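Engineer: Given chain A's structure and the hints, the job is docking chains B and C onto it.
Chains as they are written, first to last, in this note's numbering: chain A, 1 to 334; chain B, 1001 to 1287; chain C, 2001 to 2283.
No lab work stands behind these hints: they were computed from the structure.
Every value quoted in this text rests on a predicted model; they were computed, and no experiment measured them.
Glycine included, each C-beta is placed from N, C-alpha and C at the ideal position.
This list has only true hints and no planted wrong ones.
Sample of chain A residues facing chain C (criterion: CB under 8 Å; computed from the structure):
(1) 39
(2) 183
(3) 185
(4) 188
(5) 216
(6) 236
(7) 269
Listed next, with one range per pair, are the computed distances between beta-carbon atoms:
(8) B:1175 <-> C:2157: 15 to 23 Å
(9) C:2242 <-> A:298: 50 to 58 Å
(10) A:98 <-> B:1245: 49 to 57 Å
(11) A:98 <-> B:1270: 28 to 36 Å
(12) C:2245 <-> A:242: 30 to 38 Å
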Amino acid sequence: MSEPVLEVRDLSVSIGDTPIVRDVSFAVAKGERMGLVGESGSGKTLTVLAVMGLLRAPLRVSGGEALLGGTDLTKLKRRQLDRIRGGRIGMIYQDPMASLNPLHRVGDQIGEAIRLHTGLDKRAARERTVELLDEVGIKDPASRARSYPHELSGGMRQRAMIAMALGADPEVLLCDEPTTALDVTTQRRIVELLLRISQQRGLALVMITHDLGVAAGFCERIAVMYAGRIVEQAPVDELYARPRHPYAESLLGAACDLTLDLEAPIPAIPGRPPMPGELPQGCSFNPRCRYAQEKCRGVEPPLEPRGDGAVACYFELGSHRVAEHVPVAEAADE
Amino acid sequence: MAEATVAAARRARHGLRLRKPTALEVAVGALLALALVMILAPVFAPYDPNAVDPANAFAEISSAHPFGTDDLGRDLLSRVLYGGRLTLLISGGAVVVALVLGTLWGFGAATRGGILDEVLMRTADVLMAIPQLLFALVFVAAFGPSTVTLILVIGVLLSPTTARMARSVALTEMSRDYYSAAIAYGAKRRRLLFKELLPNTTTPIAIQAAINAASAIILEATLSFVGLGIQPPDASLGTLLQQGYGFLYQCWEYVVFPGLAILLIIWLLNVVADQLGEDRRGLRRRR
Amino acid sequence: MSEPAPMAEGTPIVAVRDLVKEFDRGRGEEPLRAVDGVSFTIARGETLGLVGESGSGKSTVARCLLRLTTASGGEITFDGHDMRATGDAELRRIRGKMQAVFQDPHGSLNRSHRVGDILQAPLAAHGIGDRKSRRARAAELLEMVGLGPAMLDRRPVELSGGQAQRVAIGRALALSPKLIVLDEAVSALDVSVRAQILNLLRDLQRDLELTYLFISHDLAVIRYMSHTVSVMRGGVIVEQGSRESLFAAPRHEYTRSLMEAVPVADPPFERERIRAALAQAAG
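For reference, chain A alone in the conformation it holds in the complex (with noise of 0.2 Å):
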């Protein structure tokens, strides 16, 4: 790929001497579409949070790197950090109203913004603002500025929290969730837009989503995430239509769309996700595993290329190595 803009490598966040995110690496371009894929509990939230440097104690990261066009944001100060997050990294969230105030006409807010990240004065902020809102569909785009958040619709201030974070004009857009809240109407829309947006500008976007259907349309690549890890990475297509990884398989097969079948159950995961701190040993999903062998509760299996991706398994599904599908001693459902 083309020289990335944000390149993350080993990154690791703990609490103390627990892993909860381990060694997540991976790279957006510019004008790529990433998808971190997983469920609660994978670790695609910390991740993103790491990278953008918003961690709380006692989370922090153990490891690893984040390089946006080469600088360590993991490694930044404060002051320094400020001055990058907003401004060539954004971020955008499941609820509009984390950053927007409620307290603050929409178009203050997104003015105040620009300015802190761009030279422009009040008058140019605010015509840019205007700008924005427009360009992320708001219709009259003037007079909305002058509204408050809780005066328009969920859809609008997704929209408005999305012009906020392209105020200054950004390399990378990291997306937590931005669609799940919303009805499947606007997710469309929403979805639509960002793609635009990334197009028209350029824009490296990574977005957080469990939603595999959302994440068909709009990524070029996807991260799957476990128990913390990156278990497979693939390019869209290949991802869905041969996952090599069971969790990935299994994922795909467990989602709901028109086209289930009515007859039988769904195929479901038997058991939940582990807890940080209470990982098998192994690899993560074996107890999980429809094809689990001896050796997958040995040592966990690393990362591994793939044609154009990478892999976490010993036995990937497709390939020579997979054995038949061994009867798995039942994991009650959770």
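Structural biologist: Below, chains B and C without anything else, positioned relative to chain A:
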């Protein structure tokens, strides 16, 4: 959901080890120790607080009189200890009165709603609007300045704020799904109030109690200072302050020690209230 | 107290007619009609899927049915009882037969109670059984929802989302209800947990002959769970029908737009969809 992961990791780490005491524990411990010493004044006080010794008036601090003596030669340390005892008794009683009255008031308003809610809350507003000293004056004039009167007066004066807080907390909890679920499975009013609501409101109520205790002490001191409270020769910390004020230039100990005692108690109470609030805020933030 | 009319064979267990719910918006403003004339029936042992986006009024319908809020107009009949006319005492009795599971697994469990208490609470509230028999029933309920008896002493904060929701379902089953209202019951759960819970719900429906009112904004989940579907928007039902007919040939354009918006886990397909939408918006 990151917070559940964090909580799990923390549990895995700590297990059951002896750890450094928290600020809350230290404050509560100090308060209890202080309260114990004062309440057991008969045990700890070196002298009878009312024993006069005019020859020894305004004595300096010495090993015989660690706080010195007052204008009638009474040992100040003993008077402070007994004074603290009275102060704690009165404010403690008042807090209990305010708590019970205020909680029932606030919960009743929240759970009944409608007109009753309006009436109860407007009554609280009116009560809060009346100047406290005026109210106390009328009360004491009517019933005489006894300890019981004081406890009741102060308790009643503190109850409207408690009622407001209780109502607010109750309303918050009532909006939660578990409350709807309880209604849905047919819980009666009493169960809803005591089994569902109450357990989830203990922290804010405890905070309110700590704040009330501090207010009660100040209120009692004020009332005693203007002569509506404890009558001589008994003295609460407030009375001591009042009397000592007259001898400020001859005997600074008379004002300073009782004042320090009040300060210490109120400060500790505020630390407790603050720490309890921290825990709650910490929990909130992780949502 | 009148006895409910004897139910004829094939009579729906729930019948709602012209339901209206208005919310006061203060002086000088028109009241908000969250539900504006909604009618539907649910057959015994079946699931009615009520689908709509936020603000459609679907949750309000549920709350009216459960009598958690008072309807402004219309008729609600449950198991032969006129739900709007019942007095408090009779209502309490009927409540056992009509239970609910809500969206937020942890929010619907009292954080100060233990799982065992939560499961026993409905029984205790009606004075059913003694401590011992209630505890036994609690263990039984845990098993029915796929949890072990060790859960009895845990507190909700120690449970995962899926476990908490299972406890909520167990509580709903405590009084052997005939109808369970599920208001976005799986929306807050992870993909794999959602699948487990949906499977559990289907199994329970089959084994216990339960009737469900399944409310969700997720069409795919509605399709999987429901026998009949009602689509709500702006307080009214815009389309209603059997699952087969609705999904094969949706008649209302809103239904169609909802269906088209459901993401599919097929990257080339989704990409094309997005591309077409962007092209249309630009053009």
